[in-house]
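Protein chains in written order, with this note's numbering: chain G, 750 to 1058; chain S, 750 to 1058; chain V, 750 to 1058; chain P, 750 to 1058.
Heads up, some of the hints might be wrong.
Said to hold, decoys possible - Sample of chain S residues at the chain V side, in silico, Cβ under 7 Å:
(1) Thr810
(2) Asp836
(3) Trp838
(4) Asp840
(5) Arg901
(6) Ser903
(7) Ala906
(8) Leu907
(9) Ala909
(10) Gly963
(11) Ala1003
(12) Gln1006
(13) Glu1028
(14) His1032
Please keep in mind that the hints were generated in silico from the structure rather than gathered at the bench.
Just so it is clear, CB atoms sit at the ideal spot from N, CA and C, and this is done for glycine as well.
Okay, here's what each chain looks like letter by letter:
Protein chains: 4
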Amino acid sequence: MNTEVSKPSGSARSNIQWPAGKLCAAMITVDMDGESGILFSNPEAADHLDVMAQMAYGERTGVPRLLRIFKQRGIRATFFIPGFVADRWPDAVREVIDAGHEVAHHGYLHEYLTQVPGDAAEEQILMRGIDALERLTKKRPLGYRAPGFKMRHSTPALLAKHGFLYDSSLQDTDIPYRLLVDGEAGARSIIEIPVQWQLDDWLYYMALPSLRPGIALRDPKEVVNIWADEAQALKAEGGVFNLTLHPFCSGRAARAQGIDDLIGRLMDSDEVWLTTGTELAEHVQSQPLQPFFHRPVALNESGATRQDG
Amino acid sequence: MNTEVSKPSGSARSNIQWPAGKLCAAMITVDMDGESGILFSNPEAADHLDVMAQMAYGERTGVPRLLRIFKQRGIRATFFIPGFVADRWPDAVREVIDAGHEVAHHGYLHEYLTQVPGDAAEEQILMRGIDALERLTKKRPLGYRAPGFKMRHSTPALLAKHGFLYDSSLQDTDIPYRLLVDGEAGARSIIEIPVQWQLDDWLYYMALPSLRPGIALRDPKEVVNIWADEAQALKAEGGVFNLTLHPFCSGRAARAQGIDDLIGRLMDSDEVWLTTGTELAEHVQSQPLQPFFHRPVALNESGATRQDG
Amino acid sequence: MNTEVSKPSGSARSNIQWPAGKLCAAMITVDMDGESGILFSNPEAADHLDVMAQMAYGERTGVPRLLRIFKQRGIRATFFIPGFVADRWPDAVREVIDAGHEVAHHGYLHEYLTQVPGDAAEEQILMRGIDALERLTKKRPLGYRAPGFKMRHSTPALLAKHGFLYDSSLQDTDIPYRLLVDGEAGARSIIEIPVQWQLDDWLYYMALPSLRPGIALRDPKEVVNIWADEAQALKAEGGVFNLTLHPFCSGRAARAQGIDDLIGRLMDSDEVWLTTGTELAEHVQSQPLQPFFHRPVALNESGATRQDG
Amino acid sequence: MNTEVSKPSGSARSNIQWPAGKLCAAMITVDMDGESGILFSNPEAADHLDVMAQMAYGERTGVPRLLRIFKQRGIRATFFIPGFVADRWPDAVREVIDAGHEVAHHGYLHEYLTQVPGDAAEEQILMRGIDALERLTKKRPLGYRAPGFKMRHSTPALLAKHGFLYDSSLQDTDIPYRLLVDGEAGARSIIEIPVQWQLDDWLYYMALPSLRPGIALRDPKEVVNIWADEAQALKAEGGVFNLTLHPFCSGRAARAQGIDDLIGRLMDSDEVWLTTGTELAEHVQSQPLQPFFHRPVALNESGATRQDG
């Protein structure tokens, strides 16, 4: 394994070889957050029946609808599920498992790690989430996504320690890379499958006017066009199209039809490898991945710590 | 009546039988809030002539225009009216009544129940709203919508106690269900006719830049397309298209033309049952509705309270 | 003059007779705020060269461009100008006057009247604005628009006292009406020419990310379509299309082309009377206007003060 | 050189003569901010691996992609680079230099000058930024852009003192002008190449939901249409189309294709002079530029300080 920290390339074209005949990869991921998606930031919302019911749309209506679409399309998705949801909605989670989708880690109560008091608390959350998922899946999760994509510099080392194969939370590239957990030679690493806000339905569909004002609800046709154009552009470069859905958002009737339409567009081309997080991470492990350590910024009189060079 | 709490279904397709020849139901609802729509949160706005006049657009201009459209289309709508509006704008409310529309409950001063000090205060508001409406309609309201859709866990029991047939404030499904007021066997229930923010004109048209910054005003043609597509998608599943209009928003000239256009599109199909809240609730009472109790979230060391399973 | 307070009409169709051959009226108004548009709320911005320069785009670039367009189209507009701008940009204001446009009152430093300490302060601002305009126009302004459209219940009486013919700040109707200054029989009145946020470019084009976050900049073609559709809908009812432009917003190159395009669309029809505030107010004075007093809201145990009925 | 402060012109048509055959000028500028784009306002984000990685998308992925596009199109752009980025990402900056693009000043840590404690602090930042760039470019920067476009009234004098040829931060016109550093006869000056928020990708693409809520992500095709229409309108008047890109925003796959498309549209016409900041400023120095001093606003009893007249 090459652990030399790479220099930024003059070319963004991926040198990953995708499976035979494939030019790029795509993942449909579902952040199945249930009520936890709002309770960590707004614990008072536990007493708001309307907010709790709105979040439960995901488990009661959105997830079943998305599962039907995935089944009809014959695809497998990756579900990032907080332990809380496994405890509160075990039947809904079992339907996901029974349908053959990947279940991956997403905190316990959708905790924003940047607001967690320290490493011990973070590890406790990680273990509690693993336990809750394992009770239903009977196996350890291999994938991780930080709630809200929020991550501390110490998180990758924790993920490596607990046997995770990959993380899918960072936004620095369009292609998977080897995320080093520290800057030492021979540092441990996990696979990073990058995300981007532009491909997260939260930015287009999330409506909680009293708690999160200011989001403009969008026409699903417009949103699907934005996503399909990005998929097309990433295909030309061999990147990963990594879509993040929230079932109380994209599980709505016409929006779910949009997801179905998008999947159809992705599958129209035989050149897109539509797969799960673990299969993708396992494939790229044998590839010439760029190892990269995110060196924390420090400022002093002589300037900033170097990241490249 | 089946009061066994249902498990989440793998299918979102409704098993409700709609009236002969109908594939789905639709409601046009008007939250006729007048000045109360802003006064509960911003009592200081009582001294702002501009804000009071803007809210009064509903009663002075928007409602008359919408009533003309409903009359020309030959449809009946459901008006959720705070008691305050019945007291302040009795003639405007009488025009609604005289035109044959349903008048339903919407608080007294559009109170957000999640900010009300407790059960006694909530019940007082409920009774004051009933009284104000009854003075004009000469009958008790059967329908309820929580102002801002905001509801406490104790609200459904209060509604059942005061003889309400249905509520229309929650967002967990696309089809009506039997909302249990507690988790005990044989619990009382009311009918829930679910709503959704996406079908609320507030999210697209509400402009009060100094009090509620950050909303992007939308092209009525775009908004009507979003709504019509959602209606089409819900029709395919037998759900309820439940539109929420505010007359100071959708009562504007071109937007009201959009509403007229939308109603035309809904009526183009003989398969959409366009009706009022009470007629819809009475119809579905005889149907195999899923009873559901929204079990409050509690967290302890062993995990979250279960909702399903 | 009929001073009986009108009941809300079941019909929003105007019974105003517009000049021969005209079905409706339209006003292009320019709120020429200069730096005052931001200084009242953010006095610290006086030290921000970037913000001051951005606001000055109006006087340096936007107004000249709009004046060229108005001249080429052969139309007269109504400029609402804070006294501050007359003092700071007298040459720019003189160009407006010399081109034959109406100059009307818009506060001194664009003061939000709802934040002014009381009646004496409000009257002082009014007189200071009159003086500043009169120094350049050599006549008293007849029209008034409250900065930010924000108005106190006491404002109309002040306007009547100081000889104003009309106000253009309220949003309760689409047609001019006689605005009574109090609820007594024989109360004095001025003409109200109503506005609406939807027809204010601020909601679509205003970008000051650090001071007013969250506004989405819009495609001028989309904005012009929204406005043209509203004009069309108002024409069908005989209302007033009252457009509010800010020269540092709509004075930008492509947006100004949009304004030119919109004026062209308005003039394509001989049925639109495109005029100034004073001419419009003088015309409707002889018409069967609805007198209306905005009765302040008061709440007590027996309910709200009545507005109609 | 004419240092008489100009009066506002009745015509916005530029009297600048562009190079032979050219009707207008255009600049593609890249604000290559790296992590500094967020660290000045949110120093706590240094501990948020997710935010740091998202900002690093610019240096790791966006800049290389934009450089490929610029190379294929055969154009040179102007990169405004904080000193911090030169210290942290020297290899990425060297690639910009080696490709022949202009490197210009953008603060050290992207400091908002309106929040800097005083002139001495501001000058220190300026010098630190010059030093960091000079270490890589081996020459002093001639161009400056204030981070966030935020500038103090004292900034132009500092820029003149340190040998800058031009600034590109203000929004009062569409054509370059001579920016006087004070109001005295014979005052020193630099060239101002104006910008505008409408042509800044930040307003359309920037997504940091937890730090900067409320921005609606836009369809790149819509954004490119807005920009292309503005370029067309500015061409008709001989102005400058000055586009501001952030590589973590516009460097995304489909958005970068949009930039490529826009450049293609600009180049379709032989009449657009697509150039760098220094070449543009050097050209216009010999032209009949309007000198202008932004006189600070002062208010007293007799009114506001005059800007024109």
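For each hint, the structure was consulted:
The restraint placing threonine 810/S at the interface with chain V holds, with a minimum CB-CB distance near 5 Å, inside the 7 Å limit. With a least beta-carbon distance of about 4 Å to chain V, the hint placing aspartate 836/S at the interface is held under the 7 Å criterion. Evaluation of the tryptophan 838/S hint against chain V yields a held restraint, the C-beta minimum of about 5 Å falling below 7 Å. Here the hint on aspartate 840/S is kept, as its CB sits about 4 Å from the closest CB of chain V, short of 7 Å.
Against a cut-off of 7 Å between C-beta atoms, the interface hint on arginine 901/S is violated, since the closest Cβ of chain V lies about 23 Å away. Given hint, serine 903/S at the interface with chain V, is violated; its Cβ is 25 Å from that chain's nearest Cβ, farther than 7 Å. Look at alanine 906/S: its Cβ only gets to about 27 Å from chain V, farther than 7 Å, so that hint breaks. For the restraint placing leucine 907/S at the interface with chain V, the shortest Cβ-Cβ distance is roughly 21 Å, beyond the 7 Å limit, so the hint is violated.
Because the beta carbon of alanine 909/S sits about 26 Å from the nearest beta carbon in chain V, more than 7 Å, this interface hint is broken. With its C-beta approaching chain V no nearer than about 4 Å, glycine 963/S sits inside the 7 Å limit, and its interface hint holds. Hint on alanine 1003/S holds. Least Cβ distance to chain V is approximately 4 Å, under the 7 Å limit. For glutamine 1006/S, the suggested interface contact is upheld, since its CB lies about 5 Å from the closest CB of chain V, less than 7 Å.
Hint status for glutamate 1028/S: violated, given a least beta-carbon distance of 25 Å to chain V, over 7 Å. Because the beta carbon of histidine 1032/S sits about 31 Å from the nearest beta carbon in chain V, more than 7 Å, this interface hint is broken.
Hint compliance for this structure: hints 5, 6, 7, 8, 9, 13 and 14 are broken, all remaining hints hold.
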